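Asker: Read top to bottom, the protein sequences are chains A and B.
Going by our numbering, 709 is the number at position 488 of the first sequence; the sequence numbering is gapless.
Going by our numbering, 279 is the number at position 275 of the second sequence; the sequence numbering is gapless.
Rather than coming from a laboratory, the hints here were simulated on the basis of the structure.
From a predicted model like this one, the values you see are computed outputs, not experimental measurements.
Mixed in with the good hints there might be a few duds.
What the hints assert, rightly or not - Using 27 Å as the maximum straight-line C-alpha spacing, the simulated DSS-like pairs for lysine-lysine come out as follows:
1. Lys407(A) with Lys536(B)
2. Lys536(B) with Lys404(A)
3. Lys474(B) with Lys438(A)
4. Lys375(A) with Lys77(B)
5. Lys729(A) with Lys632(B)
6. Lys258(B) with Lys436(A)
7. Lys579(A) with Lys316(A)
8. Lys437(A) with Lys512(B)
9. Lys436(A) with Lys380(B)
10. Lys23(B) with Lys316(A)
11. Lys327(A) with Lys536(B)
12. Lys436(A) with Lys632(B)
13. Lys512(B) with Lys438(A)
14. Lys452(A) with Lys124(B)
15. Lys380(B) with Lys437(A)
16. Lys732(A) with Lys632(B)
17. Lys316(A) with Lys327(A)
18. Lys536(B) with Lys408(A)
19. Lys227(A) with Lys525(A)
20. Lys124(B) with Lys525(A)
21. Lys124(B) with Lys23(B)
Spelled out from the first residue to the last, the chains are:
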Amino acid sequence: MRTIFKNVKGYWAATIATPIFMLLEVCTDMIIPLLMASIVDQGVNKGDMHHIYVYGAFMLIAAAFGLFNGIMGGKYGAVASAGLAKNLRSAEFQKIQTYSFANIDKFSPSSLITRLTTDVTNVQNAWQQVLRMGMRAPASIILAMVLSYRVSPKLANIYLYAIIFLVAVMAVLMPVTAKLFDKVFKKYDALNESVEENVSAIRVVKAYVREDYEKKKFTRANQDIYRSFLKVEKLLVMMMPLMTAVVYACILLLSWNGAHLIVGGSLTTGELLQLLAYCMNILMSLMMFAMVIMMIFMSSASIKRIGEVIGEEPTITDPADPVMEVPDGRVDFDHVNFSYNNTGSGESVLNDIDLHVKSGETIGIIGGTGSAKTSLVSLIPRLYDVSAGTVKVGGIDTRKYSVEKLRDAVSVVLQNNVLFSGTIYDNLRWGDKNATDEECRRAAHLACADEFIDRFPDGYNTRISQGGTNVSGGQRQRLCIARALLKKPKVLILDDSTSAVDTNTDAKIRKAFREEIPGTTKFIIAQRVSSVMDADRIIVMDDGKISGIGTHEELLESNAIYRDVYESQTGAGNGDFDEKGDE
Amino acid sequence: MPGPRPNRSVKLDREQKAKARQSLKRLFKDIFTRYPVQIIAVVILIFVSVLCNVQGTMFMQVLIDDYITPMIKDVAAGRTADFSPLLGAIIRVMSFYIVGIIATYVYNLIMIYVAQGMMKSIRDRMFVHMEDLPIRYFDSHAHGDIMSLYTNDIDTLRQMISQSMPQIISASITVVSVLVSMFILSVPLTIVTLLMVGVMLFATTKLAGLSGKYFVEQQNAIADVNGNVEEMMQGQKVVKVFNHEEEAIANFEKLNDRLCESSAKANTYANVLGPVNAQLGNVSYVMVTVIGGVMALAGVTGLTLGKLASFMSFNKSFSMPINQVSQQLNFIIMAMAGAGRIYALLDEEPETDDGYVTLVNANAAVDGTVTEADHKTGVWAWKHFHKADGTTTYRKLTGDMVMDDVNFGYVPEKEVLHHVSLYANAGQKIAFVGATGAGKTTITNLLNRFYDVEDGKIRYDGININKIKKADLRRSLGIVLQDTHLFTGTIAENIRYGRLDASDEDVKAAAKLANADGFIRRLPQGYDTVIKGDGANLSMGQRQLLAIARVAIADPPVLILDEATSSIDTRTEKIVQDGMDKLMRGRTTFIIAHRLSTIRNSDCIMVLDQGRIIERGSHEDLMQQGGKYYQLYTGKIVNA
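Just chain A, same shape as in the assembly (with noise of 0.2 Å):
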């Protein structure tokens, strides 16, 4: 609730009018029957023409005014929803924004999106319907009961007590039923992901040749939903006929002690039409609320969803006073523990890692998946906080810079990359949005991306489409590198960013960083030996530990794991693996 109201803000004035336009148009609807009554009685029974014209003309003004009334309520109710979600929207991207990478593994993408854009939706309609109706109802069925009582007391209490058994009834059914389709629209999901999972499994149920197993798990599972189904909707469908019931109940008891009301002198035809006028009111008033309550209730969970987003903290922040100037690219490691504490179990990922890296050097790192390269390399730009120890770039330690100059100066190319819709000068341009033509060519011409883009008809100018679908997976690669290098880093990280890209072009791109930007302290994970071998020095990861560490030749030598791997890749060995080392 508090997340809706912090919401509210630029828009109270809407949200504040639509509920006060919609309890004047009830006024008006309350108005219109005691008119009628009015006309009926005295001037239809008293054959006063003058004043059937002047009450209609009284009839027709409140119809005016309940006319302007709903039309403002409307649009008011509109807006303020609109507003809100507006708004929603809003604070959930900017929250977002602040995340770290801790606070974006908590999230999984598609769990954001569904928060920003589904979730904000459901508010919206909840929103809207609660301005709009929450008032207006019980409003109206207040003072449908009070105008009753004005008329006649003992005939509106006929309609207090449809009132308390209706209420009964709906406090029973509706807890029933809101737990029943809960539970069915869980079956229902679990039926459509089973047939998601068919049609992307397609190629495995048919090399099996299990479509008929398949098609008979489905039916079973929509025969189970279709009982389920039933059975809620069962229950659901007894609500109408028993609000038609309870009306009429309520106009045969209204007739018979209205005549007698009548005969006996209290009550005047005019008035009973009045009360009948003012039943269909109650009722469908009292449907409307009910409906309300569910649209709160169904919404509820997604108010929870994005309070989540709104309320988390962001992991790292900018320390009090921080240092603006990364001074070079020497990196140290020391002592350094880390383990994702969102995500995992607590567990350690890096023991004790202490490493030292000249500025301008070059490392290779190397290991198999889970041997924890990426997380080792995160800790540089402090795309995570490290558990234990320091990571220091120049020499000070990454907590104490600020973290926009810090990622400046540190450029990684991650593993999942990914390119934006828009032209290749526009990605490019994310590195340096103020750099010249001129320099994205030079950075593309460094990450060998030139050659394909020279290309394209278009250019530098054609269109990536969104995700990067439309070029290959060794030119997206090669696009982002080219990306991360307009950065101008002191630092660039390359967490296996060229395994789509051929090896002599792989080779090329190496051997531009060493002649282009040889004072560029270079970081590169790699699965193949050849894109390392030629490093100042690699580290082979195993198991979230330095296993080993030197030049290509040293590592041969002395590291088994390194050897190993060398051995698999290149063939020098005869197809049967040794047995792993003792590493």
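Got chain A; can you put chain B on it based on the hints?
Answerer: Quick look at chain B alone, frame taken from chain A:
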């Protein structure tokens, strides 16, 4: 449960409209053929319920004119009022009401069975049909689009069948019967009411048109925001490492503002529709009252006060169904589009199978004769019925594979395989290497007839594979793909997918063969560990091992390994490779790999380039030739 709001206005061009209308007709036909009795019963019951309702409304006239007014006169004349006729009338009306309520309840109940039954049958039909579609369908349709048939489109149908249909039937019956009743009560007042209805319809169409226009705008704005959000959330880490937060926010805010604006406008018009109609209804009510009042006083056309009261109720119940129908229109348009897409799936040509050669258990005698067996023997044979002379011959399944001058293209304009010829003797290991797009996977697609060759022949144990029943052909081929797909269920169930009647021991044996047993037993629930979301809780290597165990349990004579180890790192690959080596023993194997070390010991290596085999031979032969393979190999690394 509130239904979904009609917040999606669908604009269709004329051709689509005609098609959509066709689909709607087809849907109605389907419903009617499936539930003829129910639909007729529903129509009758709705009729009864509306009639009872009208009777009830008429009662207001009777109450005032026939009972209250005479009683007042009685009292005025000094007589005691007699309430017993009124009691009788009330009981009569009550019985009408009861019948009406029962009818309402029953038709609603029937509609639930019809709607849910239809949903179920459509889902079943869709899925069953989809399973029979050729791979081509799945390759040429985005998976998201296929999924939205099962979610969005089917939901639009549910809305229409269970809500719109009965409402429209009931509304039209109500309109007709109320209209008739109104004409009976008073012709001039009816004309007044109809005039007002005309105004209401005019206002409704105008407003619906405006709101529809803005809903389209809103849809576009939503699509833009969603697209941006999707892109940014997936690239959030890149945004962070490039300090691109400010720009991302500025970009998003622009789209967000536009959405807010169009959403406010669209909803405004939709919200205004209700009050406008309600107040126009009130105006109509006032006009009827004033005109009716004047007429009643003047005593023209025999209009009484009671009749006026009844007429006023009719006036209200006349505008209500019109309001309802206008609200259902959007749902119907959406359902039309949904039905169109669903029928498009159901109309897709299923995979055809003209094969008649089947796979049977067999006994092979020492002299080479093969006879059919009725139990599992471990020996398989092709049962070949010859139409020409009516004889049946058996040929032992050995795994001998020949491709003879095969040409193929996924689309007619672009041939991707040119004149590919190759042979694999039973038990041989044949490898394919080459760059992405060289046609390696295409060859395997042809072997198990995911696609059919255009030109040339593929022979399996000397039999043209077009003559073999697809199911039997595929059963005899085991395939492990680069992307392992696992299914929701336990690990044991996933392995058993290869052979449904496998015992627990078989499952364990297969897992052991694939080197998967070790990690499975280390899992907390062992073989009963439930796999979710395509095996997201397992590592890439573990999933691959399960895929191998799944093939192992199927025990096929021919194996196809398509980049089965390329997405795992070299050290994990060793374990997987080991499992695969065990599996390959004694089977004809087609292997695609980008790491040459895994294929070096193949009997024959085919080097593919742009759909042609450019080199072939054993590792040693190819090294000696000094061609492309030599280049790749001595470059020590192969193009991915």
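Asker: Now tell me, hint by hint, if it's right for this structure.
Answerer: So, going through the hints one by one against the coordinates:
1. Simply put, Lys407(A) and Lys536(B) have alpha-carbon atoms about 15 Å apart, close enough for the 27 Å limit, and the pair holds.
2. For the proposed pair Lys536(B) and Lys404(A), the alpha carbon gap of about 19 Å is at most 27 Å, so the pair holds.
3. Pair hint Lys474(B) plus Lys438(A) holds up; C-alpha atoms about 22 Å apart against a cutoff of 27 Å.
4. Straight-line distance between C-alpha atoms of Lys375(A) and Lys77(B) comes to about 24 Å, which keeps the hinted pair within the 27 Å bound.
5. Note on Lys729(A) and Lys632(B): the hinted pairing holds, with a Cα-Cα distance of about 20 Å set against a maximum of 27 Å.
6. For the given pair, Lys258(B) sits about 47 Å from Lys436(A) by alpha-carbon distance, which is inconsistent with the 27 Å threshold.
7. As the CA atoms of Lys579(A) and Lys316(A) are separated by approximately 37 Å, the hinted pair breaks the 27 Å bound.
8. Straight-line distance between C-alpha atoms of Lys437(A) and Lys512(B) comes to about 26 Å, which keeps the hinted pair within the 27 Å bound.
9. With a C-alpha separation of about 26 Å, the suggested pairing of Lys436(A) with Lys380(B) holds against the 27 Å cut-off.
10. With a CA separation close to 46 Å, the supplied pair Lys23(B) and Lys316(A) exceeds the 27 Å bound.
11. Restraint check: the Cα-Cα separation between Lys327(A) and Lys536(B) comes to about 19 Å, which is no more than 27 Å; the hinted pair holds.
12. Our distance criterion of 27 Å between C-alpha atoms is broken by Lys436(A) and Lys632(B), whose separation comes to about 47 Å.
13. Among the hinted pairs, Lys512(B) with Lys438(A) is consistent with the structure: their alpha-carbon atoms are about 24 Å apart, no more than 27 Å.
14. Distance restraint check for Lys452(A) and Lys124(B): the Cα-Cα separation of roughly 14 Å lies within the 27 Å cut-off, and the hinted pair is therefore satisfied.
15. This hinted pair checks out: Lys380(B) and Lys437(A) have alpha carbons roughly 25 Å apart, not beyond 27 Å.
16. Between the alpha carbons of Lys732(A) and Lys632(B) the distance comes to roughly 24 Å, so the proposed pair stays at or under 27 Å and holds.
17. Simply put, Lys316(A) and Lys327(A) have alpha-carbon atoms about 14 Å apart, close enough for the 27 Å limit, and the pair holds.
18. A distance of roughly 15 Å separates the Cα atoms of Lys536(B) and Lys408(A); the hinted pair therefore holds under the 27 Å criterion.
19. Restraint check: the Cα-Cα separation between Lys227(A) and Lys525(A) comes to about 14 Å, which is no more than 27 Å; the hinted pair holds.
20. Simply put, Lys124(B) and Lys525(A) have alpha-carbon atoms about 33 Å apart, too far for the 27 Å limit, and the pair is violated.
21. A threshold of 27 Å between alpha carbons decides the hint, and for Lys124(B) with Lys23(B) the separation of about 24 Å falls inside it, so the pair holds.
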